[in-house]
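Participant: If you're matching them up, the sequences are chains A and B in order. Going by my numbering, the first residue of the first sequence is number 1410, and it counts up by one from there. Going by my numbering, the first residue of the second sequence is number 6, and it counts up by one from there.
Read the hints as simulated data drawn from the structure, not as lab findings. Predicted, not measured: the structure shown is a model, and the values here were computed from it. Built from N, CA and C at the ideal position, the CB exists for glycine as well. Be aware that a few hints might be false.
Derived Cβ-Cβ restraints for the label pairs, each shown as a range [stated by the list, open to error]:
{"id": "1", "chain 1": "B", "residue 1": "PRO78", "chain 2": "A", "residue 2": "ARG1453", "range": "15 to 21 Å"}
{"id": "2", "chain 1": "A", "residue 1": "PHE1448", "chain 2": "B", "residue 2": "LEU172", "range": "39 to 45 Å"}
{"id": "3", "chain 1": "A", "residue 1": "PHE1448", "chain 2": "B", "residue 2": "ARG245", "range": "54 to 60 Å"}
{"id": "4", "chain 1": "A", "residue 1": "ASP1532", "chain 2": "B", "residue 2": "PRO17", "range": "17 to 23 Å"}
{"id": "5", "chain 1": "B", "residue 1": "HIS96", "chain 2": "A", "residue 2": "SER1486", "range": "47 to 53 Å"}
{"id": "6", "chain 1": "A", "residue 1": "ARG1453", "chain 2": "B", "residue 2": "LEU172", "range": "35 to 41 Å"}
Okay, the calculated bits of chain B under chain A, using three or more residues with CB under 8 Å as the criterion [unchecked claim]:
{"id": "7", "region": "81-92"}
{"id": "8", "region": "96-107"}
{"id": "9", "region": "146-155"}
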Amino acid sequence: MPHWSLLTPEETTALWLSFRVSFVAAWLGLPVAIAIGYFLARTRFPGKWLVETAIDLPLVLPPVVTGYLLLVLFSTSGPLGGPLESWFGVKIVFTWLAAALAALVVSFPLMVRAIRLAFQGVDPRLELAARSLGANRIATFATVSLPLAGRGVIAGWMLAFARSLGEFGATIMVAGNIEGRTRTIPLAIYTFANRPGGGMSDCWRLVGLSIVLGAAALVASELLERRQMRHES
Amino acid sequence: MSLSFRCRHSYPGGFVLDATLETNHRVTAVFGPSGSGKTTLLGLIAGFLRPQQGRIVLDDRLLVDTPSGLVLPPEKRQIGYVFQEHLLFPHLTVEGNLRYGQRHRRGGRPMVWERVVEVLEIGPLLCRYPKSLSGGERQRVALGRALLSGPRLLLMDEPLASLDAPLKARILAYLDRIVAQWEIPTLFVTHSQAEVRRLAQWVVVLDAGRIVTAGSPDDALSRPEPLGWKNATGPRNLLRLDDVQFGNDETLGHVGSQAIHMPPLPAPAAMPVFVEFSPADVTLSRQDIPGLSARNHLQGRVCRLVELDQAVFVAVDIGQILWAEVTPQAAAELQLASGVEVTCLLKAHSLQVVG
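If we strip away everything but chain A, and leave its shape as in the complex, we get (with noise of 0.2 Å):
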């Protein structure tokens, strides 16, 4: 593809690794995140601030911690991870599902204070309206509260897809920096780096792919967020 040939082919190996890693790391954190948010924004409950410190743990612990707790829950001997291999024969650790792991993770936090800011900015006496109509919690949900949240929740996608293209802690530490497997944009940047012989000038076009792809993330959320607002008024 002579569009990518502006990259090198280890270059460009990373950047489809980071999408690919970003994309399902966003799109398993979405479901949780959507009900983990509404309920949030809809409850109130003795111990709520427990939850809600759990939630946003992994946005202020240092990356390598969480790296370091998902490898002794998901290592083959963990907890989690042996069950996952004996019965399902899945296997994580050091495979690009640890990097999609440790992007949800890591990432989960941001898209869920989006999406909560969004189910916040809905009336819930719109969602009595519709209840009054005859329609049932669900279909509430679905028809009002889901579509008036819509763009708060795409905001909430995109901030946690950015910030799973960025991660580098968790994921070297759960997936390792495998060429070709498990070395994202980030990890690539590492490596030539560290590389003997002029490394550090090999990274500028992934240093700036990154800075692009964060700022247009970014600037998305943003726009989608304000508008929603215009949208309310």
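Add chain B to chain A, keeping to what the hints say.
Facilitator: Positioned in the frame of chain A, the structure of chain B alone reads:
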């Protein structure tokens, strides 16, 4: 339709609604000042709120019975709710909003789409989004949406409060049409006496979370308790006349032993007879002055003074409560106070007979 409501609901802030009401009238008003619990009452009937204790029965259906743990969710109650702020779905067109109610209808009466659109004159608005509608248009769409869900009971929260006077008259006309067309039992809350009188056959007066009184509007609103004076337009007078004699020169009625003179009337069939007049038409005097053109001189005792804006409303007990509106200066000059004997002067022509 019969609605039987007995609920107790308390908020963490301390407000308690503890009310019992029964109605089997076509249009029932819940009347009271803001903060009296009117919207809470509607929310309990609609199922938006869960009472701590209560029992609500609509026709033969038990909606709420806390002792047995029954609290039907709103979608199973078939009760239409028109919100004060209309709450149209902003992401749907007017047609989408209307179809929403129709699509989720659960039994109840089937409503003909074309009739609803025609009666409420929504046709030209169908393709528009709620954001681009005026207040009156939104109100009509909200009404149509609720109607199309085929409700057994229609609840309206201050249906006219957010509208200006000319618009109010038009929406009132639509409400009249709805009542005439579909005979859907309606319960609405309001803080306006005029709306109660104009629309309702039965009124429940609510204050501070309790039912103060209930009855026909003419009856309930003429008692001193209903706090009608909290409304900016002040109270309206409505006297119930006994022993009415229809003469050629004048009509004569009685409040207790006091005679009320009215212009001649073609003998009305409906008894009892009520006369209505504005408190501003009443002149107060400390002595009964002879030789005045005013035909009615009613003796009474002041039982209450309410200052409102630039006026003082004086409740005089003449056997029934009669309100007079005087200026603060006049009230001071006459030294009006509770227990003072006064004469109320009224022209025969300021009296309007209502059936």
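Participant: Check the following: the C-beta atoms of PRO78 of chain B and ARG1453 of chain A are separated by a distance inside 15 to 21 Å.
Facilitator: 20 Å, holds
Participant: Per the coverage rule (Cβ-Cβ under 8 Å, at least three residues), is the region 81-92 of chain B covered by chain A?
Facilitator: Contact hint for the region 81-92 of chain B vs chain A: holds, 8 residues under 8 Å.
Participant: Assuming the hint says 17 to 23 Å, is it satisfied by the Cβ distance from ASP1532 of chain A to PRO17 of chain B or not?
Facilitator: The hinted range 17 to 23 Å holds for ASP1532 of chain A and PRO17 of chain B, with Cβ atoms some 21 Å apart.
Participant: Closer than 8 Å, Cβ to Cβ, for at least three residues: run that test on the region 146-155 of chain B against chain A and report holds or violated.
Facilitator: This one holds; 3 residues, not fewer than the three required, reach chain A with a Cβ under 8 Å.
Participant: So does PHE1448 of chain A sit 39 to 45 Å from LEU172 of chain B, Cβ to Cβ?
Facilitator: Check passed, 41 Å falls within 39 to 45 Å.
Participant: Given a hinted range of 35 to 41 Å, is it respected by the beta-carbon distance of ARG1453 of chain A and LEU172 of chain B?
Facilitator: With Cβ atoms ~38 Å apart, the hint holds.
Participant: Falls inside 54 to 60 Å, the C-beta gap from PHE1448 of chain A to ARG245 of chain B?
Facilitator: 57 Å, holds
Participant: Should the hint that HIS96 of chain B and SER1486 of chain A are 47 to 53 Å apart at their CB atoms be regarded as holding?
Facilitator: 50 Å, holds
Participant: Are three or more residues of the region 96-107 of chain B within 8 Å, CB to CB, of chain A?
Facilitator: holds (count 3)
Of the numbered hints given earlier, the model fails none.
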